[in-house]
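Student: Here are the chains, one letter per residue:
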Amino acid sequence: NAGVMQNPRHLVRRRGQEARLRCSPMKGHSHVYWYRQLPEEGLKFMVYLQKENIIDESGMPKERFSAEFPKEGPSILRIQQVVRGDSAAYFCASSPPSGSETQYFGPGTRLLVL
Amino acid sequence: AQKITQTQPGMFVQEKEAVTLDCTYDTSDPSYGLFWYKQPSSGEMIFLIYQGSYDQQNATEGRYSLNFQKARKSANLVISASQLGDSAMYFCAMREGLFQGAQKLVFGQGTRLTINP
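Residue numbers (this note's numbering), protein chains in the order written: chain A, 110 to 223; chain B, 9 to 125.
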């Protein structure tokens with residue numbers, strides 16, 4: 110039973126480019142969460158999605174950031190026109206539809222903006 | 009207001025000793041869950057243990073136990089017989105509104121634990 114998968118593991122972008130981060134939840138999981146971790150800090154919630162629906166995006170920056178979880182395929186976190194301050198580790202987590210409280214995390218994507 | 013507070017930025021412990029990592033939380037919601045995650049230097053987040061606010065007993069998972077003191081709003085992680093591989097960052101997290109559908113986790117700042125041989 111594969112865990113949460115994220116790719117790429119490392120991503121380098123120049124200022125102004127777009128970053129696309131992908132997350133495939135664990136098999137059977139229909140809830141996906143994105144978190145951001147700045148160096149030496151804890152994780153900060155960004156967005157919570159179910160298939161084809163954004164449930165809670167209270168942690169998403171108002172501009173340049175978007176997320177989707179289509180009916181088929183992985184969840185995508187998209188950052189347009191990246192800036193140096195976007196450099197961070199981005200983690201995806203998933204949980205099952207049964208209401209189980211535990212979220213299981215992927216290995217993260219380390220984004221570096223030059 | 010800080011929802012999760014981890015007051016120990018770093019801890020150094022001798023191998024085989026027990027260690028307690030502190031976590032206090034703040035919520036007015038009567039139903040919540042408390043989690044501990046381990047983040048080794050490789051960067052992944054590993055789930056360790058969970059405690060629900062209505063659970064009568066303290067949670068245990070192998071060498072990990074959670075010292076849950078509801079009145080004090082504390083949820084300390086206890087690691088017994090520490091091992092070199094326990095060296096990592098440890099994060100306490102909380103989820104509010106347990107019975108309202110899956111929701112976001114709020115994390116503390118973390119404690120960096122170093123086990124000395």
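It should be emphasised that the hints constitute simulated quantities derived from the structure, not laboratory data. Don't take every hint at face value.
[Said to hold, decoys possible] Here are the computed distance ranges between Cβ atoms for each label pair:
id	chain 1	residue 1	chain 2	residue 2	range
1	A	ARG173	B	GLY93	47 to 53 angstroms
2	B	GLY51	A	ARG193	19 to 25 angstroms
3	A	ARG173	B	GLN22	43 to 49 angstroms
4	B	THR28	A	ARG173	27 to 33 angstroms
5	B	ASP34	A	PRO148	40 to 46 angstroms
6	B	GLY93	A	MET114	42 to 48 angstroms
[What the hints assert, rightly or not] Mimicking DSSO-like on lysine-lysine, the simulated pairs with C-alpha atoms at most 30 angstroms apart in a straight line are:
id	chain 1	residue 1	chain 2	residue 2
7	B	LYS78	B	LYS11
8	A	LYS136	A	LYS160
9	B	LYS24	A	LYS171
10	B	LYS81	B	LYS24
11	A	LYS171	B	LYS81
12	A	LYS153	B	LYS81
13	A	LYS180	A	LYS153
14	A	LYS153	B	LYS78
Built from N, CA and C at the ideal position, the CB exists for glycine as well.
Student: When the hints from earlier in the document are held up against this structure, which numbers fail?
Tutor: Those not satisfied are hints 1, 4, 5, 6, 9 and 11.
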